[in-house]
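Asker: Assemble chain L onto chain P, guided by the hints.
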Amino acid sequence: MIQVENLNKRFGDHHVLKDIHVRIGESEVVCVIGPSGSGKSTFLRCLNLLERVSSGRVVVGGFDLTDPKTDINRVRTEVGMVFQQFELFPHKNVLDNITLAPIHVRKWPKEQAEAKALALLDKVGLRSKAEAFPGELSGGQKQRVAIARALAMEPKLMLFDEPTSALDPEMVKEVLDVMKQLAEEGMTMVVVTHEMGFAREVSDRVIFMDDGRIVEEGSPSEIFSRPKHERLKAFLSKVL
Amino acid sequence: MEWNWSVIVEYQELFIRGLWMTIQLTVVAVVAGLFIGLILGLMRLSDKAWLRLPAVAYVDLFRGTPLLLQILAVHFAVLPALFQDVLGLPAPDAATSSFIALSLNAGAYIAEIFRGGIQSIDKGQMEAARSLGMTYRQAMKLVVLPQAFKRMLPPLGNEFIALLKDSSLVTVIAVNDITYAAFATAKNTFVRWPPYITAALVYLVLTLVLSRLVGYMERRLDPNGRKG
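If you read the sequences in order, they're chains P and L.
Numbering of the first sequence is given in UniProt numbering, commencing with residue 1 and proceeding in unit increments.
Numbering of the second sequence is given in UniProt numbering, commencing with residue 1 and proceeding in unit increments.
Heads up, a few of these hints could be off.
[To be verified] Here are the in silico distance ranges between beta carbons for each label pair:
1. G135/P to K141/L: 49 to 55 Å
2. G135/P to L208/L: 28 to 34 Å
3. P155/L to K238/P: 46 to 52 Å
4. V239/P to D47/L: 36 to 42 Å
5. S54/P to P90/L: 44 to 50 Å
Since the hints were derived computationally from the structure, they do not count as laboratory data.
The model shown is predicted, which means the values in this text are computed figures rather than measured ones.
We put the CB at the ideal spot given by N, CA and C, even for glycine.
Bound conformation, chain P alone (with noise of 0.2 Å):
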C-alpha cells in the first residue's frame, strides 16, 4: 500500500526526515512514536503529499506522489486524513462537514453522500448531532466527526496526526475506540501518536522515530518490552 523510499525532506537548511525507508502492507496499522520534533508528523504529511517532499520517493497506492505527472487531488481522494486539531469546518453543520467532498469531490448526488454520512455518524455514535454546528461539540465527538468525514470519502489508508493530543483526558478512550474498530475492519492505517497503550494493543507494527530517521522498528512487543537501541529505552523510560 505505501512504499517510501530514500525519503528527505528539508525545510530551507533543517533537514527534518533523513532517508526514511518503509513499507507498509495493505490492512497494516502502524503506529509512528517518538519524541516532539522527531518528524513524525512530516512524514506521515509526506504521504498525502501536504509537505512536499525534497528527494526519495513515495508510492501510495500505486501512484507515485514524486512524480509530477500524478494527480494529487485524486490520490488523496483514496487517503483520508485527521488532525490534530480536528480542522472541522466551522460554517458548516456535521452532515455537511461530512457530505461536503462526496457531493463536490466524488460527485455523489445528495441522496446517497447524506445517506453514507448518517451511517457513519451511527458508527461513531453520533446519529443524534448531524444538525449540530462543529463549535458545540466537544472536543472527542469533533474528532469523531473528522473521522466520519475522512472514511466518508472511502478511503483505502487512513492517516492519523496525533488524533488524541488536543482532548481532554476523558475524551480520549472514545476517539481511540473508533480508531480501534476501524483496525479491526481490516482498514490500513499510520497513526502519530502518543499513546502507548493504544499502540502496544492494536498496532501491528511500531515505528520508533528520533532527529528526523527510523532509529528502529518492529512488532509492538519487540519495542516495548525488548527496546534494543539506547534512544528508544530512553524514551519509553520518559513516557511508559
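Answerer: Below, chain L alone, put in the same frame as chain P:
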C-alpha cells in the same frame, strides 16, 4: 436670501438625479471592486511571482496616489488614449470614467481586505479540505472564503462607506452626483447654506443606512459560525 430653502425644491430634479448617480456610483464600485479585489487578493497570496507582483504593484499604485488624481487621469488621459488613439472610438463620457476610476480604486482596497480575511483563516482548514481531495479552487470557494467573508464584513463596511463619500470627488469632472447638485445650485442661486446642508444630510442618511445594513449582515453571519 442666504437661508432660502425653496431653491432645493426649485432644483429638486438636480438633487434627485444626483442622489441616483451617487447610489449608482457606489453600487457599481462596490460590486466591481469586490470582483477585482477577490482576483487581486488571491493573486497576492499566490506563491508564483508572476501572479503576485502585478497585484502588489496594482495595490501600491492605487492606494499610494490620491483618488482625485486617479479620476482626472482616467478621464482626461487613460481613457481618451485608449479609446481615441488605440481603438479610434469617441472617448467615454465623464460618468463612465467615474465608474471605472472608482471601481479600480475600490478594487485595490478590497484586495487588501480579501488578503487579510483569507490569511486570518487557519491554514489547517485549507489542508483539511485538500486532504479530502478538493482542488485549491474548491477548497477556497467552499471552505476558506465563506469563513473569511464573515471576518471581512466590518472592514468591507468601512470601505463601502468611504467609497460612498469619496464618490463626491467625481464632481470635479462635472458628473452630476449629489455634491455636484449642491455646488451647481449654490453657484446659480447664490444661496449657500441650504444646498450644502441638503447634500450633507443625504450622505449622512445613506451612510447610516449602509452601516446598519452591514451590521445586520454581521449579526446574521454569526462569527462563531454556529448559524447560517
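Asker: Return the numbers of the hints above that this structure violates; sort them in rising order.
Answerer: 1 and 5
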